[in-house]
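Novice: One letter stands for each residue in the lines below.
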Amino acid sequence: MYLPDFEYYAPESVAEACQLLAQFGEKAKVLAGGTDMVVKMKNELLAPEVVVSVKNLEQLKKVEYVAGKGVSVGALCTHNDLVKSDVLKEKFASVANAARQMANNQVRNRGTIAGNIVSAVPSADLPPVLIALNATAKLVGAKGERTLAMEDVFAGPGKTVLANDEVLTEIFIPEQKMTGSNYIKFGLRKSGALAVVGVAVAVQVENGVIKDARVALGAVAATPVRAKKTEEFLKGKKVTDDVLAEAGVIASGECKPISDIRASAEYRTDLVRIFTKRALRKAVDEGHV
Amino acid sequence: MKENYSYVGHSVDRNDSYGKTTGHAQYVADLKFPGMLYGKLIRSTIAHGRIKSIDTSEAEKLDGVVAVITAKDVPSMKYGLSPARFDENIFCIDKVRYHGDKIGAVCAIDEETCYKALKLIKVEYEELEPVLTWQDAVKEGAPQIFDEYPGNVNTEIHHHFGDVDEALKDAYYVRTDKFQGQRAYHAFIENHCAAAYWEADKAFLYTTTQSVHYDQYHIARVLGMKMGNLTVRAVNVGAGFGGKLDTCGTEFAAIILAKLTGRPVKVWFDHYETFLNGHGRHPMTMTLTTGVDKKGKIVAHKFDCVLEGGAYTGLGIASSYYAGSLLGILYPIENYKFDCQRIVTTLPPCGAQRGHGQPQPRFAFESHIDLVGEAIGVDPIDMRLINARKGNSITTAGYEVKSYNLLAANRMARDASGWTEKRGKMGPGRGIGVGNGGFVTGAGFCQYRTDYPHSVGMVKVFDDGTRAYVYSNAIDIGQGSSTVLMQMAAEAMGYPYEQCQMVTGDTDLSTLDFGAYASRQTLMAGWAVTRAGAEVKKKILAKACEMLKASGRVKEGFGYLDGPLTTEDLECKDGIVYIKQEPAVKLTFEEVARKYFVDHGALVGRGWYHPGKLGGNHKGAAVGTSPAYSSATQVAEVKVDMETGEIECVDTWDVHDSGTIINPKLFHGQVHGAFYMGIGETIWEEVKFDPKTGALLNGNFAEYRLPTALDMPPVESLTLDESYEPNGPYGCKEVGEGATTPTMGAVANAIYDAIGISMTELPITYEKVWRALKEKKENGK
Ligand SMILES: Cc1cc2nc3c(=O)[nH]c(=O)nc-3n(C[C@H](O)[C@H](O)[C@H](O)COP(=O)(O)OP(=O)(O)OC[C@H]3O[C@@H](n4cnc5c(N)ncnc54)[C@H](O)[C@@H]3O)c2cc1C
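Chains as they are written, first to last, in our numbering: chain A, 1 to 289; chain B, 290 to 1070.
Honestly, the hints are just simulated from the structure, not real lab data.
Small disclaimer: the values here were computed from a predicted structure and weren't measured.
Note that the Cβ used here is the ideal one computed from N, Cα and C, for glycine as well.
Please note that a few of the clues may not be correct.
Residues from chain A that face chain B, not an exhaustive set, calculated with beta carbons under 10 Å [what the hints assert, rightly or not]:
1) ILE261
2) SER264
3) LEU271
4) ARG273
5) PHE275
Distance windows between CB atoms, simulated [to be verified]:
6) A/VAL107 / B/GLU401: 20 to 26 Å
7) B/LEU999 / A/ARG110: 19 to 25 Å
8) B/LYS711 / A/THR147: 53 to 59 Å
9) B/GLU1050 / A/LEU45: 30 to 36 Å
10) A/ARG110 / B/LYS367: 28 to 34 Å
Please put together the full structure from these sequences, using the hints given.
Specialist: The structure is reproduced here in structure tokens:
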């Protein structure tokens, strides 16, 4: 239980960070809160020769409302920054509430939204709700920047599409027609448990009819996944208990969970059914919660 | 019998609160000695095999490595709890018997180098087939793990009282149920750690332990030393729960490496290794058959139990006896048959954990008796009221029970919880359940054969009387024993608690006590220090009498005195000695103590305790004997999500028959913590191994899920006014372990009430509940 030897850089700008990453290539890793990476390094699962800490990039630690466009979340905001953000509480409380259910207070004080996304752990709590809200991720590299839909960031367990020299700088949640959204995390105790299943939904309901819906599932596939058949099913349906229950059944057919030390695939599949139904009901009745 | 005490019965502040809240308190891991080296154990990477060769040369070449030792460098004397089953070596000589078994130790200038050196050790094995369950271990042709345990049977117990088969024939109703427990872990926060140094031929060992005495005894024996040549010291101990009662290897390695290198050496475990060391709860496979009469009175009971022991015996024999010996304390059963086997496997050894062998059998029995009651239409609490033991009685096995208020505990729990309005009436997903429990207040026999007293105490008053040192090697592992012992000593002396100081955890300086296990210290060490305090008081009164007479302040025939002033006329309380009939005539304890010192030297009081010969003549009768038995009733109320199986415990009522409560705050702390451990083992906790390799899978606090604060219900901890134990100092008896024994049954029974399905396998996880509900639905019932 000790850290391997590594070279350490703490650049003052994103451009400098990208340059360092380009220079060292595969040998280098970005370090944010370290709640994922330092644990892996101590457990000998990861041994980067160069560590590029982004802790000095103050400009990436803000949550801001951009009038008419949406909410910009700096990639280095900690989970507790999200929990405490008035902007999020007002516009997308579902994101703040997802952050509140994570880990424990100590980890929420250190862990960042960027780390949560880029570590690409299938059970990570923030990606599903961000996908449901159609958020985008801004990646800045040595040669330029690009913006991807959140769901396109993930390539597999622990894998993203980020190039070696790319830094995730911003998550943008667009202003939208969705009238409600909700994320339900199911862990095996009330705190400090990774999600066995995570279900996020966003719905646009007008006069009791679902005009649009997005459903994203966590911990039940190699990456967070959209439940597209469920979304299609919901569109144009009147909100009834039966419709929401049916949506749950369809969603449970769209996931491909594994059995592991925490839960069987069979259990996870049924949990998707239950929580899709419940999350939809919340989003329909209570808005963005 | 309640008296007007100054300290007993009061929630005085703990003596260690300053150090622990400010961070000043030192644990073994904090200790540093000049020139100190660090050591770490080399562990087996397979579950079962013969060691063909060990190559330490690469490790020895690494910069900073000072020494590497293996079996060839240490004594080959075997150890364990009882001589018949000494089966463990300091380091494996020929075979490894679990993934993580101890093969040797590296010693280096710092911790990091130790880890690096470990990677350079090469062990070649002839691999043998792992044996990972007791069912596999007892199969025809299963690999033999120890030569001395044919068929991998470590021990067998057959206790038969009365005629069970005959009584079952005549019973009104007979029922058999099967239950399965899991392997659980103590989860104390301070990992194992030991530091040692030598001065000439004397070794000094600091270790995190529940008993400096047993460590001194066992380690000296294995190392071929005189006990007097080995000092064992404990500093602050970050809990134990049974896991720090046997040696774990850090102590042996530290002492031997310190001798070899001529420098102090500290050997420590990280959390993973502490998990690996195990010695926690045995998984038990339990089959219970009960016959009752029409009213629900038990006429016969049969208990078959298999304990999966892991490798080595350790305290496992005691666990096995405890599995069956305490049922007869709670419920008098004339016809009782207990058949038990402990089977060895190639997993880390199991041992003692809060409640020792009893909690899982309690879970099984308390669940089973509800099913029996239901079948004949008797309410669970009524079942218990019909069967509960009464005080001043003798058990079928011959144990004498003095105070016992289980009946009153059941009634109080019933009334406090609103049982009658709730049971069976809250609808699906809501339930309430009850469980009974209790424990010995100290074991009647020493772990090894000796005629020593079980506890020896001493009080020495400082020269000028401004401080009193209370001596006892009772170990405060966080439960607060030092505080309650000083309360009792202060009360006995008539001296302020605040001016007392504990001298403990040091086999050189303090006085013998067997340590923190079997919930024994408050009663046994309590007697020893109370008697020591009383002797001091006697000397103080005699000296005060002399001083008052000499002072001319008291005159014979002076109104309140009939004859000359005697010690009978004096009382000492809170540091003031006064004439009972005329309290204004007084001296301070301090001035009297000072005068005593001037006239006679040190003011010392001594006390000791031995429980005497306790009942039972059958083989194994020793386990279960005790001077006093606690009892307890818990009622738990739960909510179950009928779709997901998620369980939430919403409220609990916890009634304890623990005699006089010496310190209410500490008492409630025990009750709260015991419930926490109990509910953890009921719903969440289980140590898991790879089913093929036997490697530990969840040796960390992310995947070994202890409940969090949010999972804990409020605990209403209640006591009984009538509870008074004549065999305990001030009328006290235990709360430490007994409090954890009713919980699994109470919570499981509440779950039954909520979902209508009996969950017979621990832990009762959300997924198991989900599956049970699903199967019930699919079976259309
Ligand atoms: C006790 C504990 C409990 C936890 N509980 C939860 C939980 O309930 N839910 C949950 O989802 N997670 C949980 N986690 C995991 C972890 O805390 C979170 O995923 C956290 O968000 C990671 O963020 P970080 O800043 O610490 O990332 P780091 O560890 O610093 O980095 C993680 C990965 O992201 C990369 N990275 C970080 N920032 C950037 C960037 N700006 N650009 C490019 N790459 C980057 C790193 O190179 C690394 O590969 C828990 C962890 C612990 C230790």
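Novice: Could you run down the list of hints and mark each one as holding or not?
Specialist: Hint check:
no., hint, in the structure
1, ILE261, "holds, 6 Å"
2, SER264, "holds, 7 Å"
3, LEU271, "holds, 6 Å"
4, ARG273, "holds, 9 Å"
5, PHE275, "holds, 8 Å"
6, A/VAL107 / B/GLU401: 20 to 26 Å, "holds, 25 Å"
7, B/LEU999 / A/ARG110: 19 to 25 Å, "holds, 20 Å"
8, B/LYS711 / A/THR147: 53 to 59 Å, "holds, 57 Å"
9, B/GLU1050 / A/LEU45: 30 to 36 Å, "holds, 33 Å"
10, A/ARG110 / B/LYS367: 28 to 34 Å, "violated, 48 Å"
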